[in-house]
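S.K.: Listed below, chain by chain, are the residues.
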Amino acid sequence: MIRVIKWNWQYYLMLLPCLIYYVIFKYGTMYGVIIAFKDYNVKKGILASPWADPLLKHFQYFFSSPYASVVIGNTLKISFLKIIFGMIPPVILAILISECGNKWFRKIVQTASYLPHFLSWVIIYGIMIAFFSQSTGLINRWLTEMGFSSYPFLTDPAHFQAMIVGTDVWKGVGWSAIIYLAAIAGIDTTLYEAGIIDGCSKLKRIWYITLPLLRGTFILQLILRTGSVMDAGFDQIYVIATSQVLSVSEILDTWVFKEGIQRMNYSLASAVGLLKSVISLILVFGTNKLARKWDEGLW
Amino acid sequence: MKRKKAVAFLMAMGLTFSVALTGCGNSGGSPDQETVEKQAEKETESGVSESDDQSAKTSEEIAELELVVGHAVIMPEKEDNFLEKKIRDAIGVDVTMNILGAGSDYTTALNARISGGDIPDMFQAPSTDALMQYVENGLILCLDDYLDQLQPLVDWVGGENGIKPNRIGGKLYRVPKAPQGIYDLLVVRQDWLDKVGAEVPTTMEEALEVARKLTFDDPDGNGVQDTYGFSGSGLFGFNAILTSYGGATTNELYLSDKGLTSTLLSPRMKEGLEMCKRFVDAGVVDPDIVANNPEVLRDKMAQCKIGMASYDWANMYKQINWDLITAVDPGADWIWMNPWDAQTGETPRYHIKSAVNTIGSWVISADVADNPEKLDAVLKLLNYVVSEEGNRLVCYGEEGRHYNVEDGMIVKTDLMTTECEYIWLYQIASRNEMEYLSVKFPEAEGSIKAAMETDRIVTYTEAVIMPEDFHMEDMNKYIEENIIGFIFGTRPISEYDQFIEELNTSFGFGEYMKIAEEQLKEQGYME
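As you go down the protein sequences, you meet chains A and B in turn.
Each residue of the first sequence is one higher than the last, beginning at 1 in our numbering.
Each residue of the second sequence is one higher than the last, beginning at 1 in our numbering.
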């Protein structure tokens, strides 16, 4: 081990800033998590604040909230819907783009499709209002002008989660496709040539060559996304949700923001944060273990 | 070989440190540097004419106070702030007002600043809830110990009776202030009423009928059905209906002839919800009413989409806003109405009015008590803004420049409109509301009076402080969610009693009412 380091010490030296960064900014600040078990007092600071009595007081407070089950349910539902509906479209888009013969058209489509990734949710909310608002939105205008009645796209609890998932897919599809495009570009072209010689149609080539070779990337993406299952997208939902759809829009992060951060209840906020992290960690390990069954694990 | 090693070493070091340096440059280093530079800039700007020992002398004598507020107001540069200069000349206190976001951003920004240990000397408490958090953390100065030094202020609010509404749990953390008016007002377009042949409605049934006409009879005459009879800014808009039934869209405590009750427990609440639902079912309510905010609603009014609205005079009749509202249709003739009568035998009432002063109250950092100079400065400032000279300054600006006194009456000049947009922030103990508003907004005088004279439900909700482990936020959320459900038909009103039962069993509403009664008795609001 030491010999290896000695031999390649230049590389290790280059790695050093990164390590120092993690030690200082990631692990060093981690001791602050103890306020989840304390009655954090701003004036006294982290160490001098008294321990919570009982120690798990803030966890108990969260679980005793009548909203706890709703909030956890919404978080998981929205997250899983985002994974289910958000994983496949980028693969399809990537294959479509890579199969497109016209280079000029391909570039335009690719750029246009990943552009929304750079828009903030506030801007997207503005766009959504312009299209979907019941009183002023474009789509409802068309509907009423064609003789139909207007529809509350943004304020109907029955379809709110669909709006959230839909806009999330719209925003992220182009960006996520990039990684698949890279993976497709890395596929050995001789495989395709062999396929052509053996008489494979274009669809068959996609099915028997492209898709199986994208499996690794796909599973990697899946593992990464399960890691963030407890984050259902705070900024998106905080911006878009109104009180009319509260029962389906309140997620862990928005609840913590309102109860914890805005009310200076930092102990509660970090207790729920800690809970989230632990669950996410378990999920990542779990998915990885599952993935290793197909020899595709991340580690 | 040796040379190769040396090159490798240099390259590795170079890379390492360039990474480290860029890292610093982007995150940690530059803001500090910027502030240092800015400070240096400021110092040179302000200190050009003064000699060194002179400025040292003034900083020794003059106490500095930082005041923080959360409003969307544009402040002038410190050098151009005539008000702060005047205060400095008058009482020798160097006040600096800083703005920290607006609305709920203010709460977040203020909390972040306070958690960082950087507590402003004085700041506006965002809400009772937030204030209680600060008090629990020992951040706020209790003013009860200093009342003897604040005699002018005590006199200004009218003695102990005037102080009481500012107390919280019996203690005085808020700087006492004169009561401020409620602005909410019901408005209707008279020119549209004439067009569809309707009168100003006085009862609920009439209001519903008028709303129908204003929706379906094409009052703007463009041949397209694109108007709504009724709108408001947020769910509160339905208080135009509910408060006449003794209810409201939120849980509000008030005193009825049977003692303490909540708007949710009003025997006529169900009737009120039915009425709201009839409005909604008739298709006359702006479907985005819950999502509206005052600016959005004003835009819709200006675009001739709304016939009646639950709004407020300030957003409507102040000249700048009136110009916006009549920009598209100069003939738009908005007038205000009396509250709609629910014909239940009770006085029609519109909206609620808190018996407790909560909005925009100032509080003082507890740290100020450790610094005698600062404490003295705070007391001086509080007494100054209620003195005749000081109060005129924070209300109207400089005499001769921003206003003139003619026959004992204050008359504003044009400069008041342009130069004094921010000075109301300094009205720490409020103002003589009626005089102030009629000087400042003579164009809106009628609507201001109408808003002040409107009957409202007087609430005590803000005087009740619930224990830490009570899920108040969740309860309010559940109430809001369900009231919306009842009004928009996602939950049948026949389940209303069940809803109250749920509040009792899952959210401890019964316990809340009990605690509220005890506390209100303790504070002398009821017997």
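Calculated from the structure, these hints are not laboratory results.
Wrong hints could be hidden among the right ones.
Pairwise CB distance ranges (calculated) [to be verified]:
1) A:Phe105 to B:Ser506: 53 to 59 Å
2) B:Glu136 to A:Ala112: 22 to 28 Å
3) A:His117 to B:Gln225: 54 to 60 Å
4) A:Ile123 to B:Gln225: 29 to 35 Å
5) A:Leu47 to B:Ser506: 52 to 58 Å
6) B:Val224 to A:Trp294: 57 to 63 Å
7) B:Gly283 to A:Pro50: 55 to 61 Å
8) B:Gly138 to A:Lys26: 54 to 60 Å
Every value quoted in this text rests on a predicted model; they were computed, and no experiment measured them.
Built from N, CA and C at the ideal position, the CB exists for glycine as well.
S.K.: Indicate, hint by hint, whether the structure satisfies it.
M.R.: Hint-by-hint comparison with the structure:
1. A:Phe105 to B:Ser506: 53 to 59 Å: This hint holds: roughly 58 Å between Cβ atoms.
2. B:Glu136 to A:Ala112: 22 to 28 Å: Violated, since glutamate 136 of chain B and alanine 112 of chain A (Cβ atoms, about 53 Å apart) do not stay within the stated range.
3. A:His117 to B:Gln225: 54 to 60 Å: violated (40 Å)
4. A:Ile123 to B:Gln225: 29 to 35 Å: Cβ of isoleucine 123 of chain A to Cβ of glutamine 225 of chain B: about 32 Å, so the range 29 to 35 Å holds.
5. A:Leu47 to B:Ser506: 52 to 58 Å: Roughly 37 Å apart at Cβ, these two residues miss the hinted range, so it is violated.
6. B:Val224 to A:Trp294: 57 to 63 Å: holds (60 Å)
7. B:Gly283 to A:Pro50: 55 to 61 Å: For glycine 283 of chain B and proline 50 of chain A the Cβ distance comes to about 57 Å; the hint holds.
8. B:Gly138 to A:Lys26: 54 to 60 Å: Violated - the Cβ-Cβ distance for glycine 138 of chain B and lysine 26 of chain A, about 32 Å, lies outside 54 to 60 Å.
In terms of the numbered hints stated before, the structure departs from hints 2, 3, 5 and 8, listed from lowest to highest.
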